[in-house]
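Enquirer: Those protein sequence lines, which keep their order, are chains A and B. Just so we're aligned: 480 in the numbering used here is position 480 of the first sequence, and the numbers increase by one with no gaps anywhere. To get the numbering used here, take the position in the second sequence, counting from 1, and add 1000.
Keep in mind the hints are simulated off the structure, nothing from the lab. Errors might be hidden in some of the hints.
Below, a sample of chain B positions facing chain A; criterion: calculated Cβ distance under 7 Å [stated by the list, open to error]:
| # | residue |
| --- | --- |
| 1 | 1001 |
| 2 | 1044 |
| 3 | 1046 |
| 4 | 1060 |
| 5 | 1116 |
The following label-pair restraints were derived from C-beta to C-beta distances [claimed, not checked]:
| # | chain 1 | residue 1 | chain 2 | residue 2 | range |
| --- | --- | --- | --- | --- | --- |
| 6 | A | 127 | B | 1069 | 34 to 44 Å |
| 7 | A | 326 | B | 1166 | 29 to 39 Å |
| 8 | B | 1143 | A | 354 | 48 to 58 Å |
The beta-carbon is built from N, C-alpha and C at its ideal position, and this holds for glycine as well.
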Amino acid sequence: MEKIKSLQDLEAFRNSIAEKRKVGKPCIAICSGAGCLALGARGIINATIKEIERQKLKAKVDIKTTGCPGFCEQGPLVIIYPQNILYTHVKVKDVAEIISKTVINGEIVDRLLYTDPTTGEKFIHESEIPFYKKQRRLLLGNNSNIDPNNIEDYLALGGYSALAKALFEMTPEQVTEEVKRSGLRGRGGGGFPAGRKWESCHNAPGEPKYVIANCDEGDPGAFMDRALTEGNPHSVLEGLIIAAYAIGSHEGYIYVRNEYPVAVENATIAIKQAEKLGFLGKDILGSGFDFTVRINRGGGAFVCGESTALMASLEGKIGEPRAKYIHTVERGLWDKPSNLNNVETLANVPLIINKGADWFNGIGTEGSKGTKIFSLVGKVNNTGLVEVPMGITLREVIYDVGGGIKDGKKFKGVQTGGPSGGVIPESMLDIPVDFDELTKAGSMMGSGAMIVMDEDTCMVDTAKYFLTFLEEESCGKCVPCREGIKRMRQILDDITEGKGKEKDIELLERISATLKDTALCALGTTAANPVLSTLRYFKDEYEAHIKQKRCPAGVCKALIQYYIIDEKCVGCRLCEKACPVEAITFMGKKKPVILDQSKCIKCGICKDVCKLGAVGVK
Amino acid sequence: MITISIDGQELKAKEGQTILEIARENGIYIPTLCYHENLSPYGACRLCCVEIFKGGRSRIVASCLYPVEEGLEVKTNSPHIINNRKMIMELLLARCSQNEVIKKLASEMGVEQSAFKAKYLENEDCILCGLCVRACEQIVERSAISLVNRGVNREVAPPFLEPSADCIGCGSCAYVCPTGAIKMEDKDGTRVVYARNWEKEFKLKKCKKCGNYWAPEEQLEYIREKLNLPPDFFDVCPNCRESVP
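Modelling step: build the complete structure from the supplied sequences, incorporating the hints.
Expert: Encoded structure:
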């Protein structure tokens, strides 16, 4: 591959790729996103390669390892092109059949198709599945068409055409103006208008200027930045180069957490390939614009996702935030003007440049434009990554896309915005996905984790979980965050152990107020949200714990008791065998077992193994 | 020069100064624990938080870091601020329940007792204000100690809690520590600089003239090298040196 030195070269190269691919060989695309890899995709990939060799099909069939299409619940996922047939839960033993039946003969292997758990209906194509129907996958859509380690795949789909357009047809100011007009807001959590940030950085005095892509995703349950960086790294890179051009920066960084080894690897490869073809480096595409990017691996501190902490970490210092009275766009990395955008924000940029601000701001609500990727997790049927247009209601995301609550249970709340967000109750499920609406509801958009909780979830315990996370992840610099979160967690410990006092709620509220007012960075100022939102919508649960020493959801161990429902128990001994502390005594066949409360450690295994629902909890 | 107002008082300020600096210059009291005029401001204790008013909106900022701007209106003692300061003192009091400095400061702010349950009260002295670390780095230029670990496990320590080769025993950390968490003792020709879980011993230099032990040898050697002084320069203590005819 030679360096591309002009717009004509780029188009010629793109045409040559199209020419090569005209033949239209069948292709087996295997998802190698984090979810599918965890479910055994590596084995499927190896088995496919072997089988193709065994059947001597190497010249006739392509194999592609792709990024994450989002339907992680159904993985490992395999898509057969050109027919676009989606196979789910694929196992190594299915590979030979897929190749001989589907790839060679075009026959469909029925049992591997996605089956709707409620209707039993089977679907051949991704687009027909209810999970995908209400999605609008502008960013994730290409993940299953692209081998992230092959820049030609990205180019074949029009990749880097936005960069070419920006460099040759637009001034930096026009690019910024377009992004401003698009209404694109930061996807990392803050929701700050991206174009305005670029403009401030561009206008700030001082050289050099830096642009940084933030891939230090750390919210529990969130993995959309990972999926983008792993699955379509060039889209992020292209967005970053365009940002650099608009701002007047010649040096950039991608800050990736080291726990994302595949993201690190794929981004590294993407940078190398882009350098080789002349999308990075000196005189990009012959435009005269220079820009280089380096990868920086984060050490895994949650707080390093915060802009000033991230920049301190980039400088090799302790990753702790500083006050932002002077913004990082003016004095950021090494005290120079620095622009930090989240990975998902950057991935939107090529689309905006290509299709225009008007197209982009036609999607969404008044204050929130475009789409948002959520990682839909928890007690919902279809877990995975979903990309929906802004303005869709939470109910649609959870019930239509997510397929509703698992095991027919009742919905209780959804935590949006990760540990800095809050729990939204059933009564508010019709609010739209929108930066401002979610904040009004006492939660936030955050980076896009959506944790669905059902009736078996205790809200006090949930608040405690997030506070425990934040206590571990607070950098410890400022007093309200370090000391305040710890004290709140201790109070919640007491409440869940039945030692709560009525005045504890007031104390929680007082600490929360001080955190919100005085903590140094956003980790601290939002840390009380899980407590405040659960207090706001589920105060009765706190009161049940404190006044009646009762956990209504049956979660808090100190407040619950497992018991045998005699009428249902047939003495099958399953629970007796599973009990780790021999608290259950067999009394004879067809007679209910006896559970000794003095021995019971409340692990709940008996309830989990019982097939008759004969173990209750009160 | 620009004009700002603090608690209704019109004050002149230079661009780039912080609210705290202007307040101190004009004798307006704002409590602090992590601030020292000779060290870079850090913004960790949050006691110096004040309320500022701009364009009809109010906001709470750390006065040690907030750069003043024309027309800025500051309140150092609004009920809002007082409540927050009290909570911060309650939190510090829960951490340092036996520390006299913290107890006194809390009492001055009207906090006699922490609202937290007795079983959770701790007996720490260090409030992690980082003054010692900044003094060692910015004044002494040794960086012998630093803030290690994260969150509730954070502490001030030399690397691996071992006596640091970079520590010269100057005692700046002990001097600047507001709560007495780092201590220094000279006895029988030795100095010990220590905190709860680390310490280092130093041999003190004996004055050839008066026979008094007067400073750690490592510190004197560091100064001598830095200033390129003759090898015997510190053989006599400053008192005796002045009395040499």
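Enquirer: Now tell me if each hint is right for this structure.
Expert: Hints, one by one, checked against the model:
no.	hint	in the structure
1	1001	20 Å, violated
2	1044	5 Å, holds
3	1046	5 Å, holds
4	1060	5 Å, holds
5	1116	6 Å, holds
6	A:127 with B:1069: 34 to 44 Å	55 Å, violated
7	A:326 with B:1166: 29 to 39 Å	31 Å, holds
8	B:1143 with A:354: 48 to 58 Å	50 Å, holds
Checked against the numbered hints above, the structure violates hints 1, 6; every other hint is satisfied.
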